[in-house]
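Here is what each chain is made of, one letter per residue.
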Amino acid sequence: MSQTVFAPWEDPNEKPLIRFRNVTKRFGEFVAIDDLTLDIYAQEFFALLGPSGCGKTTMMRMLAGFETVTEGVIELAGQDIGQVPPNERAVNMMFQSYALFPHLSVWENIAFGLKRDKKAKPEIDARVEEMLKLVRLEKFAQRKPHQISGGQRQRVALARSLAKAPKLLLLDEPLGALDKKLRQDTQFELMDIQETTGTTFVIVTHDQEEAMTVASRVAVMDEGRVIQVATPASIYEYPNSVYVADFIGDVNIIEGHASASGTEKYKLNWVDSQAPIIATSQTSFAEGQKAHLAIRPEKIRISSEKPEDAENAMQGKVLDIAYLGNLSTYHVELPGGQVIKAQTANTRRIARRDITWEDPVWISWNATAGVMLEQ
Amino acid sequence: MKRLSWFNVTSLTLGFAFLYLPMLVLIFYSFNSSKLVTVWAGFSTKWYGTLFQNEAFLDAAWITLKVAVLSSCFATVLGTMAAYVLVRGGRFMGRTLFSGMIYAPLVMPEVITGLSLLLLFISIGLDRGVLTIVLAHTTFSMCYVSVVVSSRLMTFDRSLEEAALDLGSTPWEAFRLVTLPIIAPAVISGWLLAFTLSLDDLVIASFTAGPAATTLPIKIFSAVRLGVSPEINALSTIMILIVTVGVVTASLVTKRNAVRAQQEAQAAERATN
Amino acid sequence: MTRRTLLIAAPYLWLLVLFFAPFLIVLKISLSDAALAIPPYTPTIKDGVGAMFAELDFENFVFLTEDDLYWKAYFSSFRIALVSTFLTLLVGYPIAYGMAKAPDEWRATLMMLVILPFWTSFLIRVYAWMGILSNEGLLNQLLFWLGLINEPLVILNTNLAVYIGIVYTYLPFMILPIYAALDRLDPSLDEAAQDLGCTRTQAFWLVTIPLSKNGIVAGSFLVFIPALGEFVIPSLLGGSGTLMIGKVLWEEFFNNRDWPVASAVAVILLLLLIIPIVLFQRNQQKQQEAEQ
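Which chain is which? The protein sequence lines are R, Y and S, in order.
348 is the number that my numbering gives to position 348 of the first sequence; each next residue is one higher, with no gaps.
272 is the number that my numbering gives to position 272 of the second sequence; each next residue is one higher, with no gaps.
161 is the number that my numbering gives to position 161 of the third sequence; each next residue is one higher, with no gaps.
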């Protein structure tokens with residue numbers, strides 16, 4: 001296993017393909033992007049994730065050239081692209097609405113960009129055929145966009161934006177218009193195509209599952225700022241803030257005050273009625289500093305008997321059970337009124353499970369199960 | 001399946017009878033052989049014959065057609081530009097005045113538009129004739145074209161233009177290759193509207209036409225002021241028939257296209273399932 | 001950048017020269033005096049720029065208020081436009097309602113039937129009524145044959161003929177916005193009203209009419225505004241007693257050759273029109289905002 005892991009962001013000698021350097025974008029009084037600095041490397045599949053209005057679409061439109069930068073510099077392969085109009089950028093975009101030209105056939109849509117480059121006819125023909133093959137639409141070349149299905153339109157849009165072999169492909173909510181089943185299939189297809197063509201992809205999405213599935217790195221955004229940039233796994237396991245922890249997946253947030261209890265180990269005093277929670281943390285907290293423990297429901301065990309070996313254990317009663325098929329989430333109410341969510345995999349059929357509503361139960365977790373966050 | 005109540009059937013029948021009977025009467029009496037238009041004296045097509053020998057009418061028709069073709073083409077170009085500026089132009093100096101000038105002619109009484117243009121032509125010493133009518137008609141019909149085209153542009157998905165730019169088109173190529181083909185139906189209806197308005201116009205033409213250029217509506221107006229005439233009935237019948245054929249054809253084509261689009265959409269749906 | 005400037009400049013300059021400038025000229029001439037000359041007013045540019053502006057006065061406007069022909073004409077135009085707008089609404093609403101309730105496959109055809117007269121020559125449509133309404137016209141023949149009258153009814157060349165003409169020619173402008181409003185109406189609203197105890201008539205007055213208000217208002221303005229300045233209908237169907245301002249302006253200009261007074265008439269008409277136009281604009285804006 002000598003294959004190196006793809007992680008150019010960890011190599012200090014690697015030059016980023018895209019650099020946002022202190023970029024600010026204002027629309028009148030409104031600050032859409034606030035002093036943002038970010039590097040994206042060649043061949044990455046980079047996801048911009050955030051709620052609507054967080055500035056992710058503005059960032060993408062600045063890369064495409066549809067918005068100008070108010071302050072700061074955007075570099076593509078070392079060149080400042082601030083003054084380059086969209087039609088002269090080696091960047092292509094796949095639009096959320098697909099923006100397929102309704103009066104042109106699938107073939108002509110894909111050839112559109114190649115024709116603008118005044119390429120020779122045989123060259124254009126060959127490239128369009130190649131693209132049609134890539135997205136498996138050879139049979140539909142002569143159809144108009146309204147004569148094919150939504151999933152096929154999505155693939156035409158992808159083929160059209162890839163035809164010019166751009167250095168960078170921007171994808172604006174590329175799967176947003178598809179239904180859930182088709183979306184999951186298409187995610188893997190998208191990853192395959194990204195790998196085959198070796199193009200750098202920047203995807204904008206508000207769907208955290210989608211970002212986690214496809215991306216090599218994810219940038220979580222809020223109100224024009226990047227909150228955290230990391231691989232999907234570290235975003236999930238090591239969020240840097242309550243905002244990120246809460247935005248990605250389901251989480252319990254327990255607020256309290258930290259006090260040291262050994263190396264990289266703290267006690268979290270949260271309510272008087274409960275014993276302090278023991279948790280490890282690599283960031284250090286001062287004595288009595290306010291802290292939040294973020295802990296995922298699936299890291300919390302639930303049992304009818306008091307567990308022997310757990311570092312944290314407390315008793316409560318089952319308030320609610322959400323049955324999700326493969327999983328069940330238990331809402332456990334502690335004597336002080338706090339509610340903690342715990343999740344278990346449903347490995348047995350329903351009749352064999354022993355915990356039900358109003359049952360007194362124990363919930364427990366290890367010191368390493370959660371993350372301590374300052375804010 | 002909805003059924004119409006008696007009330008609705010009656011109001012539709014009476015309403016459309018009111019709209020169409022006067023025109024049918026006109027057509028009917030154009031085939032009357034008597035000069036007294038209200039007394040039926042047997043079927044005849046002689047008024048069509050005399051109409052086509054009346055040089056004054058034929059000249060006026062020719063001038064009207066020339067004016068309508070020229071002014072509707074100018075109006076379509078200028079109106080489309082104006083619509084594009086209004087919808088896509090962003091901010092520029094005097095934008096409010098510009099949009100005001102686009103909408104004002106739509107509600108302006110024709111007598112005022114006609115009077116003001118005449119006074120302009122006189123004060124700059126332009127001789128009244130075909131040119132002045134074309135200028136006048138272009139001015140008010142470009143506003144109609146602009147309203148028709150801008151309402152289409154407003155629903156136009158802007159990302160189509162952006163996609164064209166993104167794929168390497170210059171702004172002009174994006175307009176020519178993407179925007180124009182898609183808004184073409186609106187531009188064509190704008191042209192048709194401008195053409196019809198010009199054919200129809202009596203008041204503005206009366207102000208701006210000189211003795212050298214008399215249009216058909218001016219001719220008709222001076223004839224009918226003296227009372228009903230069978231020749232005018234024949235002329236009206238021809239004009240009504242041309243319009244009817246045009247409108248019916250257009251709506252049949254639209255309907256056929258809509259049906260076809262629906263079938264294709266259904267086929268596309270089936271293809272995926 | 002230069003291309004954008006050109007794109008804006010071409011239609012802009014066209015309208016400035018051929019729409020805006022003419023109004024300034026009308027305004028200027030309305031403040032001048034009539035003269036037996038070509039052009040028939042004074043001062044002109046030939047008298048020098050200083051003199052041209054120094055001699056302007058409001059004499060013509062004073063004249064308009066002194067001669068009761070003019071204010072009677074304004075008042076009568078207003079009344080005729082108002083009455084005929086109301087009549088158009090009475091005729092147009094049931095048609096629009098019937099269209100909105102018609103089966104879907106009829107809609108396109110009915111729509112075409114409403115629009116078709118709009119493409120047909122206005123002049124011809126007015127002319128068609130001359131043969132019907134005259135003393136020995138079709139209507140009188142019919143009534144005579146039915147034994148309802150012994151003497152022909154005098155309709156042509158009266159205000160009644162003008163009302164009929166306006167209702168007839170402007171009917172599509174009333175039907176289309178009302179139909180558009182009714183067509184958007186959710187039919188279950190009517191059913192809900194009946195479910196809650198309204199009779200069909202009550203449901204119509206309490207639900208359908210208020211919800212089609214925007215269409216009614218838009219249609220009424222679309223008829224009222226052009227009717228106010230109408231020229232063709234009063235001059236063909238109206239009589240010597242029919243006073244409408246469009247006709248007065250025409251006669252002042254072509255028959256009396258009094259350009260300054262004609263211009264003053266135009267300026268006052270424009271001022272009067274501003275009110276309904278602003279109201280109409282506001283209604284359209286409100287409607288657009290409501291849709292968003």
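Hints in this document: simulated from the structure, not taken from any laboratory.
Careful: at least some of the hints might be erroneous.
As the list claims (entries may be wrong) - Ranges between beta-carbon positions, derived for each pair:
1) Y/260 x S/200: 54 to 64 Å
2) Y/10 x S/152: 26 to 36 Å
3) R/179 x Y/260: 35 to 45 Å
4) S/283 x R/77: 51 to 61 Å
5) S/112 x Y/35: 28 to 38 Å
6) S/145 x Y/44: 22 to 32 Å
7) R/129 x Y/170: 21 to 31 Å
8) Y/151 x S/65: 13 to 23 Å
9) R/179 x S/78: 58 to 68 Å
10) R/185 x Y/262: 20 to 30 Å
11) S/143 x R/103: 54 to 64 Å
12) S/3 x R/90: 19 to 29 Å
Owing to the predicted nature of the structure, the values given are computational and were not obtained by experimental measurement.
Don't be surprised by glycine CBs; every beta carbon is placed ideally from N, CA and C.
Status of each hint after checking the structure:
1. Y/260 x S/200: 54 to 64 Å: Violated: the Cβ-Cβ distance is about 39 Å, outside 54 to 64 Å.
2. Y/10 x S/152: 26 to 36 Å: holds (29 Å)
3. R/179 x Y/260: 35 to 45 Å: Given range 35 to 45 Å: violated, Cβ gap about 27 Å.
4. S/283 x R/77: 51 to 61 Å: holds (55 Å)
5. S/112 x Y/35: 28 to 38 Å: Roughly 36 Å apart at Cβ, these two residues keep to the hinted range, so it holds.
6. S/145 x Y/44: 22 to 32 Å: holds (24 Å)
7. R/129 x Y/170: 21 to 31 Å: holds (27 Å)
8. Y/151 x S/65: 13 to 23 Å: Roughly 42 Å apart at Cβ, these two residues miss the hinted range, so it is violated.
9. R/179 x S/78: 58 to 68 Å: holds (60 Å)
10. R/185 x Y/262: 20 to 30 Å: holds (28 Å)
11. S/143 x R/103: 54 to 64 Å: Distance hint for residue 143 of chain S, residue 103 of chain R holds at roughly 58 Å.
12. S/3 x R/90: 19 to 29 Å: holds (24 Å)
The structure is inconsistent with the numbered hints 1, 3 and 8, although it conforms to all the rest.
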